[in-house]
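Letter by letter, the chains look like this.
Protein chains: 2
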Amino acid sequence: MQYETKNRSILKAISWRTVATITTAVLVFIFTGQFALALTIGLLEVFAKMGLYFFHERLWQKISFGKKEIPSFVLWFTGLPASGKKALADTVCQQLVQDKLKVERLDSLDVRPLFPETGFSPEEVNRHVKRAGHLCAMLEKNGIIVVASFVSPYRQSRVFARERAANFIEVYMNTTVTACEQRDTKGHYAKARSGEYQNFPGVDIEYEEPVNPEIVIDVDNLTLEESAELIVHYLKKKVIKRD
Amino acid sequence: MQYETKNRSILKAISWRTVATITTAVLVFIFTGQFALALTIGLLEVFAKMGLYFFHERLWQKISFGKKEIPSFVLWFTGLPASGKKALADTVCQQLVQDKLKVERLDSLDVRPLFPETGFSPEEVNRHVKRAGHLCAMLEKNGIIVVASFVSPYRQSRVFARERAANFIEVYMNTTVTACEQRDTKGHYAKARSGEYQNFPGVDIEYEEPVNPEIVIDVDNLTLEESAELIVHYLKKKVIKRD
Chain A
310 MQYETKNRSI
320 LKAISWRTVA
330 TITTAVLVFI
340 FTGQFALALT
350 IGLLEVFAKM
360 GLYFFHERLW
370 QKISFGKKEI
380 PSFVLWFTGL
390 PASGKKALAD
400 TVCQQLVQDK
410 LKVERLDSLD
420 VRPLFPETGF
430 SPEEVNRHVK
440 RAGHLCAMLE
450 KNGIIVVASF
460 VSPYRQSRVF
470 ARERAANFIE
480 VYMNTTVTAC
490 EQRDTKGHYA
500 KARSGEYQNF
510 PGVDIEYEEP
520 VNPEIVIDVD
530 NLTLEESAEL
540 IVHYLKKKVI
550 KRD
Chain B
310 MQYETKNRSI
320 LKAISWRTVA
330 TITTAVLVFI
340 FTGQFALALT
350 IGLLEVFAKM
360 GLYFFHERLW
370 QKISFGKKEI
380 PSFVLWFTGL
390 PASGKKALAD
400 TVCQQLVQDK
410 LKVERLDSLD
420 VRPLFPETGF
430 SPEEVNRHVK
440 RAGHLCAMLE
450 KNGIIVVASF
460 VSPYRQSRVF
470 ARERAANFIE
480 VYMNTTVTAC
490 EQRDTKGHYA
500 KARSGEYQNF
510 PGVDIEYEEP
520 VNPEIVIDVD
530 NLTLEESAEL
540 IVHYLKKKVI
550 KRD
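In order, the protein sequences belong to chains A and B.
Taken in order, the first sequence gives residues 310 to 552; the numbers are from this note's numbering.
Taken in order, the second sequence gives residues 310 to 552; the numbers are from this note's numbering.
So that you can see chain A by itself, here it is in the shape it has in the complex (with noise of 0.2 Å):
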């Protein structure tokens, strides 16, 4: 993703004037000798530097000085099933359009159903994880910004996808199991107490805790808007900087 910095366009108009002022001088000089007839000079201004500034635009596209890439990265979501990290991250997502920059959205939801054969073992899970982990390094190293959202229940995976980034900003959606069964209106961890899911972080299997994570969301004292305040505000502060 590109901008122009301030440097560039002083530089630009610096090079532009230095060209417009010359031209008005010789043309003075060639139809005066002195300093007069400016509407006739400036009549003549409006072809000449028309087209000088043209080839002048054409010839700054070829020079790279003062142009900068916004910082790209992967914000990555991780949480129990019904955390609400799908919710937040939408939110954060389209906090990030809204400010024109680039991004990618990648939740398990989107992935899962092109590749139905993939299971719900751990080797599975785990495999899955490390794959999504590797697009959003992919994406990220090509300047998009990639919101991500997996329970991702093993650190194993997560180290993975974090060593894979440049720039990995874990957010911990940071609850209990029992908060999530009193959210979740899917039923799934019902189905989970009853046998019928098996792997399911939090019931039969455990979701481990980040280590370090760069961000928590205390999801049971904040709303979903207070926590997209605080997310984007460490995004404004510490990665997406422009000059």
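It is possible that some hints are incorrect.
Because identical chains cannot be distinguished in the list, a pair is counted as satisfied if it fits within a single copy or across any two copies.
[As the list claims (entries may be wrong)] DSBU-like, lysine-lysine: derived pairs with alpha carbons at most 30 Å apart: (1) Lys545 / Lys411; (2) Lys377 / Lys545; (3) Lys409 / Lys395; (4) Lys395 / Lys550; (5) Lys409 / Lys500; (6) Lys450 / Lys377; (7) Lys377 / Lys409; (8) Lys550 / Lys495.
Rather than coming from a laboratory, the hints here were simulated on the basis of the structure.
On a predicted model such as this, the values are computed, not experimentally measured, just so you know.
Dock chain B against chain A, hints included.
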């Protein structure tokens, strides 16, 4: 990836000249009521118009007219082991990078070491190639050109990769098993013949030829340079168009 069209530069030239000429006329009128003292006015112009030019530039940063993206695409090389995919894909990729295009290079050899659990059974290869196709499509969607080279012996997963992408260009390395076996400096075919490798395309499993590839490379009768030129020519004519 962004570039600016000539229309954008023309409109910038018109808008700037409007501002600058009105400024000149007003200055001349204030100073003399006539047309005089071009040097004085010229000097004033240097300062006044340079500031105006600067703010004019900053304003134009907010206008999207005439800013365009170069279309991205997935260039997918498929063919038997040792058919020359990697060398040709590398050469084409280098030429695109020289043209200042944003390119990501994906090769099976880059991806497999990250996921050592990926095997060589038809199911595993199909899964591996589908995941690669998904990755290509995500990059392409975000404006990145992808140059991918995978044996990808099964039609099913190549079709999957094609369907995920907006602009899929399949390059088929057309050659024979015998010719590949002669070119094979790494001894992969020998290992497949001796039974050390199973599921080896061209030896114990069939390589399924593409049905309608966009580009067919006659590997045994073209040099690397000729093949690369053929592909780059196709891309410039059909895909990489600028206004």
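Status of each hint after checking the structure:
With identical chains, the CA atoms of Lys545 and Lys411 are at most 30 Å apart both within one copy (15 Å) and between copies (26 Å). Taking CA atoms no more than 30 Å apart as the test, Lys377 paired with Lys545 passes in both settings, with 17 Å inside one copy and 27 Å between copies. Taking the shortest alpha-carbon separations for Lys409 and Lys395, only the intra-copy value of 21 Å comes in at or below 30 Å, while the best inter-copy value is 37 Å. When the C-alpha separation of Lys395 and Lys550 is checked against a cutoff of 30 Å, the pair qualifies only within one copy, where the shortest distance is 26 Å, while the shortest distance between copies is 38 Å.
In this assembly of identical chains, Lys409 and Lys500 lie within 30 Å of each other by CA distance neither inside one copy nor across copies; the values are 41 Å within and 53 Å between. Proximity of Lys450 to Lys377 under the C-alpha cut-off of 30 Å is found in both arrangements, the shortest distances being 15 Å within a copy and 22 Å between copies. Both within a single protomer and between protomers do Lys377 and Lys409 lie at most 30 Å apart by alpha-carbon distance, with minima of 15 Å and 15 Å respectively. For a Cα distance limit of 30 Å, the shortest separation of Lys550 from Lys495 qualifies neither inside one copy, at 39 Å, nor across copies, at 48 Å.
Hints 5 and 8 from the list above are not met by this structure, while the remaining hints are.
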